[in-house]
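> Here is how the chains run, residue by residue.
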Amino acid sequence: MKIIVVGIGKVGQTVAEQLALEEHDVTVVDTDPDAVNDAVQSADVIGVIGNGAVQRTLQEAGVADCDLVIALTGSDEVNLLCCLMAQKTGGARTIARIRNPEYTGQIGLIQDSLGLARAINPEKEAAAEIQRILKMPVARNADMFSMGKVELISFIVDENCLLCGKSLSESFAHIKARALLCAVERGSELTIPDGNFVVQKGDVAAVLIPTAEVPDFFRQIGFRTSNVRNIMIIGGGKIAYYLVKSLLRLNVSVTIIERNREIAEKLSLEFPKANIIHGDGTNRSLLLEEGLTHMDALCSLTGIDEENIVLSLFAKSVAPQVKTVTKVNRTAFQEVIRAIDVGSVVYPKYTTANLILQYVRANSKRGGNGGDVQKLARIINNRAEAIEFSVAEGSRVIGKTLTDLELKKGILIGSIIRDGKAFIPRGSDAIHAGDSVIVVTITQRLTEIDDILKD
Amino acid sequence: MNKRMIARTLGFILLAEAALLLLPVFTALYYQARFPSEDNVLFEYLATAGIAAAFGLILISVRPKDKTIYARDGFAIVSLGWIVMSLVGAIPFTITGEIPNYLDALFEIVSGFTTTGASILSTNGGGAPGDLSALSHASLLWRSFSHWLGGMGVLVFLMAVLPLAGGGGDIHLMRAESPGPDVGKLVPKSNQSARILYLIYTGLTLTEILLLYIGHHCGTDPNMDFFTSVCLSFGTAGTGGFATRVSGFADYSHYSQTVIAVFMMLFGINFSIYYLLLCKRFKDAFRDEELRIYLGVLGIAVALVTINTFKTAFTSFGDALHHAFFQVTSVITTTGFSTVDFNQWPNFSRVILFLLMFLGASAGSTGGGVKVVRCILMLKAAKVGARRLSHPRNVTSVTFNGKPVSRDTLNNTTTYFIVYSAIYVTSVILVALDPNLTSITSVVTGVAATLNNIGPALEELSPTANYGFLWPLSKIVFIFDMLLGRLEIFPLLFLVMPSAYKRHFRLHKPY
Numbered sequence: 000m001k002i003i004v005v006g007i008g009k010v011g012q013t014v015a016e017q018l019a020l021e022e023h024d025v026t027v028v029d030t031d032p033d034a035v036n037d038a039v040q041s042a043d044v045i046g047v048i049g050n051g052a053v054q055r056t057l058q059e060a061g062v063a064d065c066d067l068v069i070a071l072t073g074s075d076e077v078n079l080l081c082c083l084m085a086q087k088t089g090g091a092r093t094i095a096r097i098r099n100p101e102y103t104g105q106i107g108l109i110q111d112s113l114g115l116a117r118a119i120n121p122e123k124e125a126a127a128e129i130q131r132i133l134k135m136p137v138a139r140n141a142d143m144f145s146m147g148k149v150e151l152i153s154f155i156v157d158e159n160c161l162l163c164g165k166s167l168s169e170s171f172a173h174i175k176a177r178a179l180l181c182a183v184e185r186g187s188e189l190t191i192p193d194g195n196f197v198v199q200k201g202d203v204a205a206v207l208i209p210t211a212e213v214p215d216f217f218r219q220i221g222f223r224t225s226n227v228r229n230i231m232i233i234g235g236g237k238i239a240y241y242l243v244k245s246l247l248r249l250n251v252s253v254t255i256i257e258r259n260r261e262i263a264e265k266l267s268l269e270f271p272k273a274n275i276i277h278g279d280g281t282n283r284s285l286l287l288e289e290g291l292t293h294m295d296a297l298c299s300l301t302g303i304d305e306e307n308i309v310l311s312l313f314a315k316s317v318a319p320q321v322k323t324v325t326k327v328n329r330t331a332f333q334e335v336i337r338a339i340d341v342g343s344v345v346y347p348k349y350t351t352a353n354l355i356l357q358y359v360r361a362n363s364k365r366g367g368n369g370g371d372v373q374k375l376a377r378i379i380n381n382r383a384e385a386i387e388f389s390v391a392e393g394s395r396v397i398g399k400t401l402t403d404l405e406l407k408k409g410i411l412i413g414s415i416i417r418d419g420k421a422f423i424p425r426g427s428d429a430i431h432a433g434d435s436v437i438v439v440t441i442t443q444r445l446t447e448i449d450d451i452l453k454d
Numbered sequence: 000m001n002k003r004m005i006a007r008t009l010g011f012i013l014l015a016e017a018a019l020l021l022l023p024v025f026t027a028l029y030y031q032a033r034f035p036s037e038d039n040v041l042f043e044y045l046a047t048a049g050i051a052a053a054f055g056l057i058l059i060s061v062r063p064k065d066k067t068i069y070a071r072d073g074f075a076i077v078s079l080g081w082i083v084m085s086l087v088g089a090i091p092f093t094i095t096g097e098i099p100n101y102l103d104a105l106f107e108i109v110s111g112f113t114t115t116g117a118s119i120l121s122t123n124g125g126g127a128p129g130d131l132s133a134l135s136h137a138s139l140l141w142r143s144f145s146h147w148l149g150g151m152g153v154l155v156f157l158m159a160v161l162p163l164a165g166g167g168g169d170i171h172l173m174r175a176e177s178p179g180p181d182v183g184k185l186v187p188k189s190n191q192s193a194r195i196l197y198l199i200y201t202g203l204t205l206t207e208i209l210l211l212y213i214g215h216h217c218g219t220d221p222n223m224d225f226f227t228s229v230c231l232s233f234g235t236a237g238t239g240g241f242a243t244r245v246s247g248f249a250d251y252s253h254y255s256q257t258v259i260a261v262f263m264m265l266f267g268i269n270f271s272i273y274y275l276l277l278c279k280r281f282k283d284a285f286r287d288e289e290l291r292i293y294l295g296v297l298g299i300a301v302a303l304v305t306i307n308t309f310k311t312a313f314t315s316f317g318d319a320l321h322h323a324f325f326q327v328t329s330v331i332t333t334t335g336f337s338t339v340d341f342n343q344w345p346n347f348s349r350v351i352l353f354l355l356m357f358l359g360a361s362a363g364s365t366g367g368g369v370k371v372v373r374c375i376l377m378l379k380a381a382k383v384g385a386r387r388l389s390h391p392r393n394v395t396s397v398t399f400n401g402k403p404v405s406r407d408t409l410n411n412t413t414t415y416f417i418v419y420s421a422i423y424v425t426s427v428i429l430v431a432l433d434p435n436l437t438s439i440t441s442v443v444t445g446v447a448a449t450l451n452n453i454g455p456a457l458e459e460l461s462p463t464a465n466y467g468f469l470w471p472l473s474k475i476v477f478i479f480d481m482l483l484g485r486l487e488i489f490p491l492l493f494l495v496m497p498s499a500y501k502r503h504f505r506l507h508k509p510y
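Here the protein sequences line up with chains A and B, keeping their order.
Just so you know, we're using numbering that gives the first Met the number 0 here: the first sequence kicks off at 0 and counts up by one.
Just so you know, we're using numbering that gives the first Met the number 0 here: the second sequence kicks off at 0 and counts up by one.
Hints were generated in silico from the structure; no laboratory data involved.
Do not rely on the hints blindly, as some may be mistaken.
To be verified - Calculated cross-link-like contacts (lysine-lysine; reagent style BS3-like; alpha-carbon spacing at most 25 Å):
{"id": "1", "chain 1": "A", "residue 1": "Lys87", "chain 2": "B", "residue 2": "Lys279"}
{"id": "2", "chain 1": "A", "residue 1": "Lys165", "chain 2": "A", "residue 2": "Lys200"}
{"id": "3", "chain 1": "B", "residue 1": "Lys64", "chain 2": "A", "residue 2": "Lys408"}
{"id": "4", "chain 1": "A", "residue 1": "Lys1", "chain 2": "B", "residue 2": "Lys279"}
{"id": "5", "chain 1": "B", "residue 1": "Lys379", "chain 2": "B", "residue 2": "Lys402"}
{"id": "6", "chain 1": "A", "residue 1": "Lys272", "chain 2": "A", "residue 2": "Lys237"}
{"id": "7", "chain 1": "A", "residue 1": "Lys200", "chain 2": "A", "residue 2": "Lys315"}
{"id": "8", "chain 1": "B", "residue 1": "Lys188", "chain 2": "A", "residue 2": "Lys9"}
{"id": "9", "chain 1": "A", "residue 1": "Lys408", "chain 2": "B", "residue 2": "Lys66"}
{"id": "10", "chain 1": "A", "residue 1": "Lys175", "chain 2": "A", "residue 2": "Lys420"}
{"id": "11", "chain 1": "B", "residue 1": "Lys402", "chain 2": "B", "residue 2": "Lys282"}
{"id": "12", "chain 1": "B", "residue 1": "Lys402", "chain 2": "A", "residue 2": "Lys1"}
{"id": "13", "chain 1": "A", "residue 1": "Lys453", "chain 2": "A", "residue 2": "Lys399"}
{"id": "14", "chain 1": "B", "residue 1": "Lys402", "chain 2": "A", "residue 2": "Lys9"}
{"id": "15", "chain 1": "A", "residue 1": "Lys134", "chain 2": "A", "residue 2": "Lys315"}
{"id": "16", "chain 1": "A", "residue 1": "Lys1", "chain 2": "B", "residue 2": "Lys282"}
{"id": "17", "chain 1": "A", "residue 1": "Lys272", "chain 2": "A", "residue 2": "Lys244"}
{"id": "18", "chain 1": "B", "residue 1": "Lys188", "chain 2": "A", "residue 2": "Lys1"}
{"id": "19", "chain 1": "A", "residue 1": "Lys200", "chain 2": "A", "residue 2": "Lys134"}
{"id": "20", "chain 1": "B", "residue 1": "Lys282", "chain 2": "A", "residue 2": "Lys87"}
{"id": "21", "chain 1": "A", "residue 1": "Lys237", "chain 2": "A", "residue 2": "Lys134"}
{"id": "22", "chain 1": "A", "residue 1": "Lys165", "chain 2": "A", "residue 2": "Lys175"}
{"id": "23", "chain 1": "B", "residue 1": "Lys402", "chain 2": "B", "residue 2": "Lys382"}
{"id": "24", "chain 1": "B", "residue 1": "Lys402", "chain 2": "B", "residue 2": "Lys188"}
From a predicted model like this one, the values you see are computed outputs, not experimental measurements.
With the hints as constraints, model all of the structure from the sequences given.
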């Protein structure tokens with residue numbers, strides 16, 4: 000696909016890089032020559048300097064024969080204008096980032112009346128991701144498939160876990176919940192395990208489970224699965240705003256610590272039920288005074304990565320039972336962060352990039368009727384992908400049992416959703432037309448369900 | 000530095016050279032029967048190809064642990080690649096005995112790859128070793144073909160054929176090998192850009208061969224046979240300048256000379272302009288600032304030289320215009336062909352040609368020199384500086400083609416100028432040691448002609464003379480000047496800086 004990315008900030012850069020890696024023709028547009036130069040040097044893309052909401056700039060970037068324009072500048076209004084110009088000049092599909100919380104109510108209207116393919120709100124997506132993690136305290140990361148019917152949860156195996164030290168066929172003989180361990184990361188090695196695979200302490204495991212059986216499964220393998228009732232949030236930015244809004248609906252008690260008085264006051268007007276503290280979130284005694292040790296979870300969401308990491312480490316040291324969620328903006332030092340145990344880490348940049356990739360994959364199919372990819376999640380530090388496909392009539396995967404399908408290397412069929420019900424398939428099951436199928440892969444880049452088969 | 004990746008890429012370069020050496024092999028095969036004196040070169044070229052292939056295969060068996068390359072690796076690959084390529088490319092000249100001295104052979108092939116066209120071969124005729132008349136068809140073709148390869152770049156060629164580094168790494172190679180301050184890709188993907196560049200390049204070259212051959216076929220030019228058309232077109236395309244006849248260009252008809260002059264001018268234009276034309280974006284193409292100034296300078300210089308040489312060097316105005324056009328385009332595009340000995344021209348014309356040597360062609364073309372765009376940028380920056388004298392707080396941005404030029408680009412351009420001048424001065428001092436050169440003009444213009452990849456200079460190094468009589472030291476200095484000029488200094492300079500070999504960091508596995 001020919002794609003134009005307007006606005007090369009932190010997110011824009013990540014998106015451009017990922018799209019270039021997937022072999023798309025990417026043109027980046029920004030008013031800042033240095034930003035464009037950086038992007039051109041770090042990824043196989045071409046750059047145009049100028050304002051992406053100006054028709055001439057878009058024309059220069061080749062909007063005439065481009066398939067998709069993604070507007071990711073810092074300003075919502077510029078993004079909207081850019082999408083409008085792109086549609087009127089070239090007829091491209093458009094994705095805009097709209098992040099102002101005041102516009103959330105009218106997103107649908109904006110999307111419809113301007114004909115946007117997608118409106119993306121990175122902060123809202125990040126908040127949703129954090130909420131999924133909070134729901135399941137053992138989870139490092141959690142993704143939902145098929146409108147929440149199936150969850151893909153990754154967790155760290157510790158010595159209390161029943162899976163630890165046994166082969167999978169042995170331990171799953173005792174587990175009643177239907178679940179599938181679909182990828183395991185040990186050190187730098189990533190594998191799709193089979194029945195003989197022995198799980199060890201410290202492994203990061205990703206497991207696919209029908210949502211209703213999630214608590215059962217974790218109870219059976221020996222994890223405490225109490226609900227999170229008390230949450231402390233440090234930093235009252237946009238992510239915190241969206242997170243608090245949905246948490247309060249679930250009757251969770253929320254404490255927010257915000258350094259800026261004005262923002263704190265604004266939050267107090269918006270969320271009278273939340274406990275809003277004006278103070279420095281890095282102040283040790285303030286944290287203890289506000290009851291950090293009695294919390295179920297701590298979300299470090301300040302604008303400074305280092306601060307967030309230190310806060311989570313501190314929480315772990317004073318109260319090991321506290322579930323920590325750390326927001327990290329910079330993606331460059333992932334290995335370092337992975338090496339220290341800070342609990343769950345959320346990278347808003349990747350959340351946004353994944354959403355865009357999901358859209359692009361769904362629409363870049365050679366056949367072109369589109370929509371095969373329903374959902375794309377990247378798991379285990381972005382090293383593996385789980386993709387939900389809807390299977391249309393005529394696909395080559397229909398009609399054979401799974402054992403008879405000749406799959407490419409590094410591919411696992413994780414779950415089938417049929418008539419609204421999700422199940423973990425066995426070798427004797429077959430895929431029908433109209434099913435949704437969740438595929439986990441560590442090596443391939445899939446854009447349609449037939450890609451899983453050998454040619 | 001990623002040494003394994005560098006070694007592997009050098010392996011690919013050697014393999015490519017082995018494959019490209021097959022062209023002179025086939026030429027030798029073809030002419031063997033027709034010219035009995037040439038039956039000795041086939042084996043030599045085949046052997047060289049074999050050596051290159053063997054070393055190439057050894058090097059590509061190196062498995063890199065990590066495939067990412069950074070700007071410094073790109074520099075190292077490009078400069079080492081060019082050196083290795085020249086060392087191998089010079090072998091056939093020596094083992095066939097056509098250029099017995101290996102240093103001379105190296106000078107000749109570096110001059111070829113860097114598209115300079117300065118030759119150590121004498122032009123006395125008679126067929127003695129070391130004379131142009133002694134060269135076999137295979138060697139003549141290999142010399143001219145090296146121009147064609149060096150013009151657009153061997154790594155760019157490799158990139159067009161196979162993905163070298165993949166991902167973002169390719170841009171570092173392209174940047175290190177392509178001329179100009181800002182390397183713009185034509186399309187988002189590096190390998191596609193490289194492919195388009197070579198398509199345009201090949202297309203233009205074929206057109207020139209065809210036009211020259213048509214001239215021969217219609218009987219206007221008996222000396223321009225098919226072989227000569229091909230060799231001279233290669234030389235024009237790469238803006239090289241090796242001649243194939245001892246008598247130079249004087250024997251060719253006005254038609255052939257004009258075709259060559261026009262194509263020299265075309266190959267001095269940024270290739271992205273041709274891409275814009277292919278995409279039917281005529282307005283953008285003709286609005287290009289560098290194109291306009293390049294053509295403007297060319298026009299003015301032709302006019303001045305015509306007026307100056309009319310009545311002094313030439314009796315007819317038509318002749319003056321014809322030769323002025325040919326010579327000015329030849330020098331500004333840094334080709335170095337010559338239809339007449341411009342050393343005999345009045346001083347004013349010689350000075351103009353000397354100054355044009357430095358200006359050079361457009362960025363993104365096959366020509367050398369400082370490049371028109373760099374001169375434009377520096378003049379604009381100087382204008383801004385001058386304005387600040389009277390209005391100290393004045394803010395004016397330097398723009399090019401209506402776009403602001405980033406500070407980095409301006410800084411790089413300034414640095415380039417300073418280092419370029421330093422190299423020029425150092426070379427002049429070293430070459431001045433040569434007792435075989437007696438005039439200052441020869442020294443000063445000789446360095447300019449090699450550093451800017453032109454070829455012929457003035458006085459003792461004029462178009463009718465050659466570089467063969469120089470001291471070995473001067474030849475070595477010129478070899479480096481040619482490489483520095485073609486690779487635009489920094490890649491090669493980087494190799495001799497101690498910091499290139501320091502380990503700045505060592506990556507530990509996450510604990």
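> So, for every hint listed, does it hold in this structure?
Against the structure, the hints come out as follows:
no.	hint	verdict
1	A:Lys87 - B:Lys279	holds (21 Å)
2	A:Lys165 - A:Lys200	holds (11 Å)
3	B:Lys64 - A:Lys408	holds (22 Å)
4	A:Lys1 - B:Lys279	holds (19 Å)
5	B:Lys379 - B:Lys402	holds (13 Å)
6	A:Lys272 - A:Lys237	holds (18 Å)
7	A:Lys200 - A:Lys315	holds (19 Å)
8	B:Lys188 - A:Lys9	holds (22 Å)
9	A:Lys408 - B:Lys66	holds (23 Å)
10	A:Lys175 - A:Lys420	holds (18 Å)
11	B:Lys402 - B:Lys282	holds (16 Å)
12	B:Lys402 - A:Lys1	holds (24 Å)
13	A:Lys453 - A:Lys399	holds (14 Å)
14	B:Lys402 - A:Lys9	holds (23 Å)
15	A:Lys134 - A:Lys315	holds (19 Å)
16	A:Lys1 - B:Lys282	holds (23 Å)
17	A:Lys272 - A:Lys244	holds (10 Å)
18	B:Lys188 - A:Lys1	holds (11 Å)
19	A:Lys200 - A:Lys134	holds (24 Å)
20	B:Lys282 - A:Lys87	holds (22 Å)
21	A:Lys237 - A:Lys134	holds (20 Å)
22	A:Lys165 - A:Lys175	holds (17 Å)
23	B:Lys402 - B:Lys382	holds (17 Å)
24	B:Lys402 - B:Lys188	holds (23 Å)
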